[in-house]
Amino acid sequence: MSDLYEQLADDKELSAEDRAELLKSGGQFVYHNRIGWARTYLKKAGLLDSPGRGLVMITDRGRQVLAERPPKLNVSYLRRYPEFVEFHTYKPPASGGPASADDANAESEETPQDLLERAHDELRRQLVDDLLDRVLKSPPSFFERLVVDLLLRMGYGGSREDAGRTIGKSGDGGIDGVISEDRLGLDVIYIQAKRWEGRVGRPVVQAFAGSLEGARARKGVLITTSTFSSDAQDYVRKIEKRIILVDGPMLAGLMIEHNVGVAVEGTYEIKRIDLDYFGE
Numbered sequence: 264m265s266d267l268y269e270q271l272a273d274d275k276e277l278s279a280e281d282r283a284e285l286l287k288s289g290g291q292f293v294y295h296n297r298i299g300w301a302r303t304y305l306k307k308a309g310l311l312d313s314p315g316r317g318l319v320m321i322t323d324r325g326r327q328v329l330a331e332r333p334p335k336l337n338v339s340y341l342r343r344y345p346e347f348v349e350f351h352t353y354k355p356p357a358s359g360g361p362a363s364a365d366d367a368n369a370e371s372e373e374t375p376q377d378l379l380e381r382a383h384d385e386l387r388r389q390l391v392d393d394l395l396d397r398v399l400k401s402p403p404s405f406f407e408r409l410v411v412d413l414l415l416r417m418g419y420g421g422s423r424e425d426a427g428r429t430i431g432k433s434g435d436g437g438i439d440g441v442i443s444e445d446r447l448g449l450d451v452i453y454i455q456a457k458r459w460e461g462r463v464g465r466p467v468v469q470a471f472a473g474s475l476e477g478a479r480a481r482k483g484v485l486i487t488t489s490t491f492s493s494d495a496q497d498y499v500r501k502i503e504k505r506i507i508l509v510d511g512p513m514l515a516g517l518m519i520e521h522n523v524g525v526a527v528e529g530t531y532e533i534k535r536i537d538l539d540y541f542g543e
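Going by the working numbering, the letters in the sequence shown line up with residues 264 to 543, in that order.
Just to be clear, a hint being listed does not mean it is correct.
Claimed, not checked - Derived lysine-lysine pairs resembling DSSO-like cross-links, with alpha carbons at most 27 Å apart:
no., residue 1, residue 2
1, 335, 307
2, 504, 482
3, 306, 287
4, 307, 534
5, 306, 335
These aren't lab readings, by the way, just hints derived from the structure by calculation.
Construct all of the structure, not just a fragment, from the sequences and the given hints.
Shown next, in the form of structure tokens:
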């Protein structure tokens, strides 16, 4: 298989970027994953066999398929083999019986890992929308606490008491304050966070940069529940001050990543063969 990865990548003229692309889980190259699943599908259809660890060889049935020279070898083609249908057809856990022949996934060219990652992305997008909706409907004092909780979870500010003192000047639907960049307080970050609903433009960001100048601060974070205009984003790239813009989707993403306002509903482990266990 290790030889096949490179040989097939060369044959399909994959670019260096293609070969470096990782799965969203970060644990494997995408093209390695695709080749691995192709091997699994072909083996389940009886077109390949595994004579030894990490080895593959074509079977007599596989040679017959090559002789037919099909225009495309995909899931639809492989479903002519009962062994593959048995493997590929979803069986509801409750009954143990096969799903309907009209099951939308029956002809899917996506691998099980593709389907799992796509479902995860859809659930995450929905969670982001729900989180932002909750934040917008919450009172200013709750939003203030949320920002403190998030920054503490991210490693800023030291103790909650210290963070509460330095961040907590209630403003118009948001907060403003200063928080330590690290637990030792070696540097500080100026923060402005407001629950805007419209797009935040350059004037707001420019005013925030002016506040940094007045406080002789070098770093700032501007948090909004909406989005920033392209002019605002371009402005922070050009100025000397280091200002990070956190829009609504990024805020919700950080909340999810650091478990602020969310709880784990379920955990699914994906396991693989431990080759060391089966080694000589």
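Each hint tested on the structure:
1. 335 x 307: holds (18 Å)
2. 504 x 482: holds (6 Å)
3. 306 x 287: Judged against 27 Å, a Cα distance of about 26 Å means the pair holds.
4. 307 x 534: holds (19 Å)
5. 306 x 335: OK: residue 306 and residue 335 at ~17 Å, within 27 Å.
This entry satisfies every hint, going by the numbered hints stated previously.
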